[in-house]
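Student: Sequence:
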Amino acid sequence: MNDFLLEAFPNPERKGCPDESTLKALAENRLPLDDPAGLHVGSCSECYAEYRHYRLDWKGAKEAESANATSVSVPNDIQSSAIPLGTKRPPARSRGSFLVAAASVLVICGAAIAYRYQHQTSTAPVQIASSAPVDAKVDLFNAPTLRGVDDDAAPLQEVSLPAAVVHLSVTLPRFSQSGRYEVVVSQDRGGSQLVAKGFGTAADTNGKVGMDVTLDLRAAKAGSYFLATVRGSDNGTYYYPLQVK
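For what it's worth, our numbering labels the leading residue of the sequence shown as 35, then goes sequentially.
Read the hints as simulated data drawn from the structure, not as lab findings. Among the hints, erroneous ones may be present.
Dumping the calculated SDA-like pairs for lysine to any residue here, alpha-carbon to alpha-carbon at most 25 Å [what the hints assert, rightly or not]:
| hint | residue 1 | residue 2 |
| --- | --- | --- |
| 1 | 49 | 65 |
| 2 | 242 | 169 |
| 3 | 231 | 47 |
| 4 | 242 | 205 |
| 5 | 171 | 218 |
| 6 | 171 | 228 |
| 7 | 231 | 221 |
| 8 | 49 | 177 |
| 9 | 231 | 83 |
| 10 | 49 | 66 |
| 11 | 279 | 173 |
| 12 | 255 | 194 |
| 13 | 58 | 42 |
| 14 | 58 | 96 |
Simulated restraints on C-beta separations [claimed, not checked]:
| hint | residue 1 | residue 2 | range |
| --- | --- | --- | --- |
| 15 | 87 | 226 | 35 to 45 Å |
| 16 | 237 | 100 | 35 to 45 Å |
| 17 | 169 | 237 | 10 to 20 Å |
| 18 | 209 | 41 | 37 to 47 Å |
| 19 | 96 | 253 | 29 to 39 Å |
| 20 | 79 | 270 | 26 to 36 Å |
Even glycine gets a Cβ: it sits at the ideal position worked out from N, Cα and C.
Build the full structure now, drawing on both the sequences and the hints.
Tutor: Next comes the structure, spelled out in C-alpha cells:
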C-alpha cells in the first residue's frame, strides 16, 4: 500500500497541494482526519511522501521522549533486573516498516472519513464519476467582485467544471490580495449545501494573483452551483455562478 500511494497519483506541478505547515499538522495529529488536506494527501503522491516523512519524524521523536522519560524515572538497578537477558529489541527496520504501514492506514482512513462527511447529507442516489484527476482553469481577473449572500452573483461566461477530482488553477479578481484562501462549491450562496471545498495559497505573478486548489466534485450532479472564494485573514467571501457537467 505504501508503494501504491507513492506512485499512483503523481502531481509534479504540485497543483492544489497544502503547505508544509498543514502537512506537518496532519502528520502530528493536530488536524482532524476529515480535514480537506487528508483527502488531498490520499490522492497526491508527492504530498503523501512528505506526509510520511513528517509522520516518521514525529513518531521517532515521541518514542525518544518516552524512552528518555522511562530512563529518568526508573533506577538502573531496577531496569537491569526487570529486563530478561534473552530479550531483544525489535530491529529498527521492523519498527520503521510498522510506522509506514500505520501512516498509510491513517491517510486512507482520513480520506474515507472526509469523503463520507462531505456527502452524508445526500439522500438521493448519486453516480460517482471517474476518480482520475482533471486539470482545469478559472479566470476571474475581470469578473466583478460582489460580496456576501445579499448581492447578485457576479456574471461569468461559460465557466464549468467536470464532475471529477479537479486540480483547479484560479486567477483571482483584479485587486485581490495574496494569502491563504478557501474555495467552496455549494448549491446555495449561504454555503449550507456544501458540495466540495479546498484550500490554497494565492501569490502575485506578473500582476495577477492566482492559486492552485484541489476540489472533489465526483458526487456532484450536473447543474448550477456557486463557486466562492474566502480569504482567510478577513473571511471576505465572493460568489460566482458555476456549471458542473
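Student: It remains to establish, for every hint, whether it holds in the given structure.
Tutor: A quick look at each hint next to the structure:
A hinted pair counts as satisfied when its Cα atoms are at most 25 Å apart, and residue 49 with residue 65 qualifies at roughly 21 Å. Between residue 242 and residue 169 the alpha-carbon distance is near 20 Å, which keeps this suggested pair within the 25 Å criterion. Restraint check: the Cα-Cα separation between residue 231 and residue 47 comes to about 20 Å, which is no more than 25 Å; the hinted pair holds. Taken as a hint, the residue 242 and residue 205 pair is honoured in the structure, with Cα atoms around 7 Å apart against an allowance of 25 Å.
For the proposed pair residue 171 and residue 218, the alpha carbon gap of about 15 Å is at most 25 Å, so the pair holds. The straight-line distance between the Cα atoms of residue 171 and residue 228 is roughly 21 Å, inside the 25 Å bound, and the hint therefore holds. Among the hinted pairs, residue 231 with residue 221 is consistent with the structure: their alpha-carbon atoms are about 12 Å apart, no more than 25 Å. Of the pairs offered as hints, the one joining residue 49 and residue 177 holds, with about 23 Å between alpha carbons and a cut-off of 25 Å not exceeded.
Of the pairs offered as hints, the one joining residue 231 and residue 83 holds, with about 23 Å between alpha carbons and a cut-off of 25 Å not exceeded. Proposed proximity of residue 49 and residue 66 is supported: the alpha carbons are some 22 Å apart, at most 25 Å. A hinted pair counts as satisfied when its Cα atoms are at most 25 Å apart, and residue 279 with residue 173 qualifies at roughly 18 Å. With a C-alpha separation of about 13 Å, the suggested pair residue 255 and residue 194 falls inside the 25 Å cut-off, and the hint holds.
About 22 Å separates the Cα atoms of residue 58 and residue 42, which keeps this hinted pair within 25 Å; it holds. With a C-alpha separation of about 14 Å, the suggested pairing of residue 58 with residue 96 holds against the 25 Å cut-off. For the hinted restraint 35 to 45 Å between residue 87 and residue 226, the CB-CB distance of approximately 38 Å keeps it satisfied. Look at residue 237 against residue 100: about 41 Å separates their beta carbons, and that is inside 35 to 45 Å.
Checking the proposed 10 to 20 Å range against residue 169 and residue 237 shows it holds: the Cβ atoms sit about 19 Å from each other. Under the hint 37 to 47 Å, the C-beta atoms of residue 209 and residue 41, about 42 Å apart, fit the expected range. With their beta carbons about 37 Å apart, residue 96 and residue 253 fall inside the hinted range of 29 to 39 Å. As the Cβ distance of residue 79 to residue 270 is approximately 34 Å, the hint placing it in 26 to 36 Å holds.
Of the numbered hints given earlier, the model fails none.
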